[in-house]
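Engineer: Using the sequences and the hints, build the whole thing.
If you're matching them up, the sequences are chains A and B in order.
Heads up, the final residue of the first sequence is numbered 253 in the working numbering, and it's a clean run with no missing numbers.
Heads up, the final residue of the second sequence is numbered 339 in the working numbering, and it's a clean run with no missing numbers.
Note that these hints are calculated values from the structure, not bench results.
Treat the hints loosely; a few may be bogus.
[What the hints assert, rightly or not] Short derived list, chain A residues pointing at chain B, Cβ under 8 Å:
| # | residue |
| --- | --- |
| 1 | Y12 |
| 2 | Q13 |
| 3 | K46 |
| 4 | L49 |
| 5 | L51 |
| 6 | V71 |
| 7 | R72 |
| 8 | R76 |
| 9 | P82 |
| 10 | T88 |
| 11 | F89 |
| 12 | A90 |
| 13 | F91 |
| 14 | L107 |
| 15 | F108 |
| 16 | P111 |
[Unchecked claim] Simulated pairs of lysine to aspartate or glutamate, EDC-like, Cα-Cα distance not exceeding 20 Å:
| # | chain 1 | residue 1 | chain 2 | residue 2 |
| --- | --- | --- | --- | --- |
| 17 | A | K24 | A | E4 |
| 18 | A | K46 | B | E231 |
| 19 | A | K55 | A | D22 |
| 20 | A | K46 | B | D149 |
| 21 | A | K55 | B | E230 |
| 22 | A | K46 | B | E230 |
| 23 | A | K46 | B | E229 |
| 24 | A | K27 | A | D206 |
| 25 | A | K114 | A | D124 |
| 26 | A | K46 | A | D62 |
[Stated by the list, open to error] From the structure, some residues in chain A lie toward chain B, with a derived Cβ separation under 7 Å:
| # | residue |
| --- | --- |
| 27 | A75 |
| 28 | M99 |
| 29 | R110 |
Computed from a predicted structure; not experimentally measured.
Cβ atoms here follow ideal geometry from the backbone N, Cα and C, with glycine treated the same way.
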Amino acid sequence: MILEGRQLTIGYQDRVVGAGLDVKLEKGEVLALLGPNGGGKTTLLKTLLGLLTPKAGEVRLDGAALSARTVRERARLIAYVPQTHVATFAFSVEAVVLMGRTAHGDLFARPTSKDRQVAATMLDRLGIAQLAQRPYTMISGGERQLVLLARALAQEPQFVVLDEPTANLDFGNQGKVMREIRALARSGLGVLFTTHDPNHALRAADRAYLLRGGERLAEGPVRQILTRERLEALYGAPVQTITDEGGMAFVPG
Amino acid sequence: MNKARSAVPGLSIAIAVLVAGLLLALTVGRYPVGLGDLMNVLYSKLLGHHANVPPAVESVILQVRGPRVIAAMLVGAALAVAGTAFQGLFRNPLVSPDILGASSGAALGAVVGIYLSLGVFAIQAVAFLGGLVAVGIVYVVGMSVRSRDPILVLVLTGVVVGSLFGAGVGLVKYLADPYNQLPAMTFWLLGSLSATGVQDLFPLFGPIAVGAAVLVALRWRMNVMSLPEEEARALGVATGPLRIAIVAAATLVTSASVATAGIIGWVGLVVPHLARSLVGPDFARLLPAAAILGGGYLLLIDTLARTMAQVEIPLGILTALIGTPFFIWLLASVQKNWS
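Structural biologist: Set out below in structure tokens:
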């Protein structure tokens, strides 16, 4: 199964953000979307999720147009992990994860015992089962990110799309989210995430997609694509490379 | 493994408030009725034989206070349920059922009805329709403005259209006969249940039952709808049609209660918040808790309105006296986790 954008022109009602974009995500691989602020990362991501309609071109999933599927069908195939935010109402962590099951029930459905089981399994898988009855509003940012990830997994999707999953997280939690992203791909899911940190792409992604000013600068295997020269072109700023026996890292110059 | 929070304690408190409200409303007043007499009358009514109390007592309980008590419960429950639905939909605990103009539309309908010297039922019908029309206009206008934040546009449209209808109310009051019509309009706009009789109960109950049933049926989807729009859609909820269904149901409920009781503010803002603190934000528990608590709350307020002074105090004034300090407290306490 492949999630694919073909010759996409992306943007909002009054404004084109990017054009001529081809993106391809296969199951079992991780694609990192990198680029400066305002470069179109989030717009592209929302277009691939079907939350925004492309102004031209087409998003295809499993060989058929994404727009031909209902909202509910889409939610059983692609899950979205938004940037963490402060929720309005103090739902329990379990309830938030159960919301991931919504697309598996009909309009009037309530979570079933099977739904509860799936939610518990996903909380367990991310090591946050002990949070189940805590209010979502009272846990830390890192925990919230994991809860949203558990909610996405509860959708039992084929693809997971994450918007800056490491933003607002401390160092340790950034590592944890990176490890979870790798684990998702190992379990056969296709993962797409945006990040401001090329090191996260190096660490967690198989391929990188560099987006600047709504245009694709480069795309390919992370280790080939992420070079100092390309990153300097991408961000329009100097970049330094640090190498040791463990690997390579980039630092803004 | 810790257990899920039980709804039983919270619901018990709500039921206790309702029972207290019922007992007070039926016994206290210009013609006090003893608790024993009350039980006697209700018990014998239930069994269908004659009560062993003076006929005046029976008539006060069944004919005078009974319909008013039922109306107060229905209106209180309706406003609380509608407020709960709108707060979830607009992801904002400071929203009340008149956010989309239902009250101002009903107000304009009612004052126009009074101005045209229509009958009581016609006035209620025009008020009810006024509420529906106002929200309909707000929805159509709000949705035709294309924006990345449809909810915000909807709320702002509600404010704007509401103030336009408010101007309409002002105009009709200005034109009205100052001796007969104007006092009637003023009285209606302040909210009261003093004129409520048995004949008012069905037109009140019907729309409230329909609207509340829709909201209860959609309770899980409403939980998801309280997330940001894009998240709800990514979770598989068709937010557009669902929002119309929720707004329509909540508006039906609001308009019916405003048409009967006039404008009673604050109940739909205060009660959902109290109910949420009792049973949590899950609509499956929150809707019944808000309905029960809202019924009890308005019963208590209405009993106060009847008994505090020689003349009846309009309900809208009492609810505002309680609601305003509550709102300020709410504003101060939720600001921390509400953006």
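Engineer: A separate judgement is required for each hint: does it hold in the structure or not?
Structural biologist: Verification of the hints:
1. Y12: Holds: closest Cβ of chain B sits about 6 Å from Y12(A), inside 8 Å.
2. Q13: holds (5 Å)
3. K46: holds (7 Å)
4. L49: Check passed: Cβ of L49(A) comes within 6 Å of chain B, closer than 8 Å.
5. L51: holds (5 Å)
6. V71: Status holds, d = 5 Å.
7. R72: Result: holds, 4 Å to nearest chain B Cβ.
8. R76: holds (7 Å)
9. P82: holds (6 Å)
10. T88: holds (5 Å)
11. F89: holds (4 Å)
12. A90: holds (6 Å)
13. F91: holds (5 Å)
14. L107: For L107(A), the interface hint holds, since the closest Cβ of chain B sits about 7 Å away, which is under 8 Å.
15. F108: Holds, because the Cβ-Cβ distance from F108(A) to chain B comes to roughly 5 Å (cut-off 8 Å).
16. P111: holds (7 Å)
17. K24(A) with E4(A): Judged against 20 Å, a Cα distance of about 4 Å means the pair holds.
18. K46(A) with E231(B): This hinted pair holds, its Cα atoms lying about 11 Å apart.
19. K55(A) with D22(A): Holds: K55(A) and D22(A) sit about 14 Å apart, inside 20 Å.
20. K46(A) with D149(B): holds (15 Å)
21. K55(A) with E230(B): The given pair, whose Cα atoms are some 18 Å apart, holds under the 20 Å limit.
22. K46(A) with E230(B): holds (9 Å)
23. K46(A) with E229(B): With Cα atoms ~12 Å apart, K46(A) and E229(B) stay inside 20 Å; holds.
24. K27(A) with D206(A): It holds: about 12 Å lies between the C-alpha atoms, which stays within 20 Å.
25. K114(A) with D124(A): holds (15 Å)
26. K46(A) with D62(A): holds (18 Å)
27. A75: Hint on A75(A): holds, closest Cβ of chain B at ~3 Å, below 7 Å.
28. M99: holds (5 Å)
29. R110: This interface hint holds because 5 Å falls under the 7 Å limit.
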